[in-house]
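*Asks:* These are the residues of each chain, in order.
There are 2 protein chains.
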Amino acid sequence: MQNFEYWNRTKIIFGKNTEQKVGEETLQYAEKDGTAFRVLLHHSGGSSVKSGLIGKVKDSLKAAGVGWVELDGVKPNPRLSKVYEGIELCRKEKLRFILAVGGGSVIDSAKAIAAGVPYSGDVWDFFERKASPSGALPVAVVLTIPAAGSESSVSTVITNEQGSWKRGLNAECIRPVFTIMNPELTYSLPAYQSACGICDMFAHIMERYFTKEPNVELTDELCEGTMRAIIRNARRIFSGGERDYSARAEIMWAGALAHNNLLSTGRVSDWASHAIEHELSALFDITHGAGLSIVFPAWIKYNIKEDTKRIARFAAKVWGVDGAYYDYEQAALEGIFRMKNFFKSLGLPVSFADAKLDTGKIPEMSKRAVTFGPIGQYRKLNEADVEAIYRLAAE
Amino acid sequence: MQNFEYWNRTKIIFGKNTEQKVGEETLQYAEKDGTAFRVLLHHSGGSSVKSGLIGKVKDSLKAAGVGWVELDGVKPNPRLSKVYEGIELCRKEKLRFILAVGGGSVIDSAKAIAAGVPYSGDVWDFFERKASPSGALPVAVVLTIPAAGSESSVSTVITNEQGSWKRGLNAECIRPVFTIMNPELTYSLPAYQSACGICDMFAHIMERYFTKEPNVELTDELCEGTMRAIIRNARRIFSGGERDYSARAEIMWAGALAHNNLLSTGRVSDWASHAIEHELSALFDITHGAGLSIVFPAWIKYNIKEDTKRIARFAAKVWGVDGAYYDYEQAALEGIFRMKNFFKSLGLPVSFADAKLDTGKIPEMSKRAVTFGPIGQYRKLNEADVEAIYRLAAE
Chain A
1036 MQNFEYWNRT KIIFGKNTEQ KVGEETLQYA EKDGTAFRVL LHHSGGSSVK
1086 SGLIGKVKDS LKAAGVGWVE LDGVKPNPRL SKVYEGIELC RKEKLRFILA
1136 VGGGSVIDSA KAIAAGVPYS GDVWDFFERK ASPSGALPVA VVLTIPAAGS
1186 ESSVSTVITN EQGSWKRGLN AECIRPVFTI MNPELTYSLP AYQSACGICD
1236 MFAHIMERYF TKEPNVELTD ELCEGTMRAI IRNARRIFSG GERDYSARAE
1286 IMWAGALAHN NLLSTGRVSD WASHAIEHEL SALFDITHGA GLSIVFPAWI
1336 KYNIKEDTKR IARFAAKVWG VDGAYYDYEQ AALEGIFRMK NFFKSLGLPV
1386 SFADAKLDTG KIPEMSKRAV TFGPIGQYRK LNEADVEAIY RLAAE
Chain B
1036 MQNFEYWNRT KIIFGKNTEQ KVGEETLQYA EKDGTAFRVL LHHSGGSSVK
1086 SGLIGKVKDS LKAAGVGWVE LDGVKPNPRL SKVYEGIELC RKEKLRFILA
1136 VGGGSVIDSA KAIAAGVPYS GDVWDFFERK ASPSGALPVA VVLTIPAAGS
1186 ESSVSTVITN EQGSWKRGLN AECIRPVFTI MNPELTYSLP AYQSACGICD
1236 MFAHIMERYF TKEPNVELTD ELCEGTMRAI IRNARRIFSG GERDYSARAE
1286 IMWAGALAHN NLLSTGRVSD WASHAIEHEL SALFDITHGA GLSIVFPAWI
1336 KYNIKEDTKR IARFAAKVWG VDGAYYDYEQ AALEGIFRMK NFFKSLGLPV
1386 SFADAKLDTG KIPEMSKRAV TFGPIGQYRK LNEADVEAIY RLAAE
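Those sequence lines, one after another, are chains A and B.
For the first sequence, our numbering assigns the number 1036 to the initial residue and increments by one for each residue that follows.
For the second sequence, our numbering assigns the number 1036 to the initial residue and increments by one for each residue that follows.
It should be emphasised that the hints constitute simulated quantities derived from the structure, not laboratory data.
Please note: incorrect hints may appear among the correct ones.
To give an idea of the interface, some chain A residues facing chain B are shown, with a C-beta separation under 10 angstroms as derived from the structure [to be verified]:
# : residue
1 : Met1036
2 : Ile1286
3 : Arg1426
Below, simulated DSS-like cross-link-like pairs (lysine-lysine); rule was C-alpha separation at most 25 angstroms, straight line [as the list claims (entries may be wrong)]:
#  : chain 1 : residue 1 : chain 2 : residue 2
4  : B       : Lys1051   : A       : Lys1067
5  : A       : Lys1051   : B       : Lys1247
6  : A       : Lys1352   : B       : Lys1352
7  : A       : Lys1091   : A       : Lys1046
8  : A       : Lys1247   : B       : Lys1051
9  : A       : Lys1344   : A       : Lys1165
10 : B       : Lys1391   : B       : Lys1415
11 : B       : Lys1085   : B       : Lys1067
12 : B       : Lys1093   : B       : Lys1051
13 : B       : Lys1352   : A       : Lys1344
14 : B       : Lys1110   : B       : Lys1067
15 : A       : Lys1415   : A       : Lys1340
16 : A       : Lys1097   : A       : Lys1085
17 : B       : Lys1067   : B       : Lys1093
18 : B       : Lys1379   : B       : Lys1352
19 : B       : Lys1247   : B       : Lys1415
20 : A       : Lys1046   : B       : Lys1051
21 : A       : Lys1415   : A       : Lys1396
22 : B       : Lys1051   : B       : Lys1085
23 : A       : Lys1352   : B       : Lys1127
24 : A       : Lys1375   : A       : Lys1340
Yeah, the Cβ is synthetic: ideal placement off N, Cα and C, and Gly gets one too.
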């Protein structure tokens, strides 16, 4: 087991009607000098408005005496231009707190704004690894889509439209201070969005699960148990359980645990599949979760000779493949087969063809994925490896 | 799933040589006005001195420019008189931070002191539920015994020698700000102490696992996985693996996760077994973990008709009892049998006779256990129930 630090400071407020607490929770971050407290209220302007959630949030802020300036229009694969707009707005209006109401895109946009406000340079520097944020405005969240895990993570991923670069930043200072999660808010999610979210959180666990660190049994158990719970509850939701509170609640809580680093304690995570996927969603603007359901099975398959036993364990513990009837490699392949079937059952693509993606872009994407050098920790991948994985996904 | 708040702010610094970081971590809590920073260094004065750990901690504090006043002599089942002494010392010396170096007893003593310093009344008020702490000094930990989970919990349990009362307090303000865990520090633990610690953390999970809340599948998975990891790694340690780093590390991390409330998210915990045990250790001064290995199997057995399926699931998922060969009740009984065997294999008592406890005290203990009314949530227990459980444990 490797040395680690684990410090998850995000206060989770979970359950029915919890969005009504947003005002009082936010107020705790008010300046103590008695000046009026105003926050940046950041959202998509779409479903969260239509559903009445933004109205409820405003009511709660108003009741607590918290003011706000609104910035909506965040899109999936959140854009750098919107981040610049948010930074300018916070500076101009002297806002010292950001409330993100939405899913991963809104939260990631909010985090980038938060890191950018106190920085004198270009916020994109952080994503190009030219600088590290030394501080950020506090960010809080009312979550509407269980997926990215951004609600209690240190990560943000932003797309720079100039050149279609999609890049990530990890920094402790952008971890949300609190996150409100009401599973009922997810009842009305379109099925495809639920499915993409489920694949995203599942992938966050797999990135942590596939490790060459021996002796991380407790963390393995936590990963496997969370994956099993996701599979079973996803099936409940997709079998007519769109309004099944407990299934929605399990999925929502799993999404946060998947990405708060509990499931990587004592080990090094991989993240190559995420990097390989980012090229897909940067180029084709496909939803991140749908890109992952294409890339991840191919990535595992590419590693099957490299670490057969680990993948066979994954097949046994997560997919119920009975190892007694197979050799390790057969068990591993059966696990991948079942995983693809699971993704398909949620309506997700598992190949380039399923999503009608142009395989002609594979050489370009392979080159871009390794811009900063080989990717991955479980197994270092160079351009040729990445291309081979895209080819497997294209089959 | 019930609504919940989950907020685990303790920074965990885990791994080899991490005790060397205690000075720099502590320094972050220094007053910013430049006055000399001195802390209360609280420990048992026993093994942590002999092992050289206290010396290393002092070296690290000195290197960081942090001063200290020492208070040692904490005993297992930590005493109120020592807490009073600590409160007085902090006030007299104007100490604003407490560093606990040791196991659960030292940490619990430190927490009680921390809550008592800013309180004008008698700190025992908190334990008699006459008052709640409105604040506390920050407490930090260098952990030497994986057991109580106090290193990242909101709990402290103190024994009032006047009348042998053992009572607990839960308050967010006493949760440690950081905890340093080096599994190597546990190599030299006496086997009996390792065993008691393992039973204690196992019991913390069972108190959370036995719930009547339906649909808490993810939390169930996390509980079951952690229990399985504890069982396997305890066996490694007790099969000649006293210096097996990874086994010690898994146990140490499991002890913290067992009691930081992750494993009770979405459900109500029970805690009757702890209350029943507290009477044992208050009266007989038996180690808490050894009291639990006597009480817990009896408590489960007492509930077997009440919730046969749940206990059968516990038997199947945690103890590998194959449900196909048994009816639910038989499976449940087999699970309890295997649990007792596990405790015995660690050298722990599983009955009054094993620990040579006087069964004549059962009526008195039963009365005292329900001083504040019926105990437990999974099933409310009155005096007669508690007595029946003690009788089962006496068999």
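*Asks:* Which numbered hints turn out to be false for this structure?
*Replies:* Per hint list: 3, 4, 9, 10, 11, 14, 20 and 23 violated.
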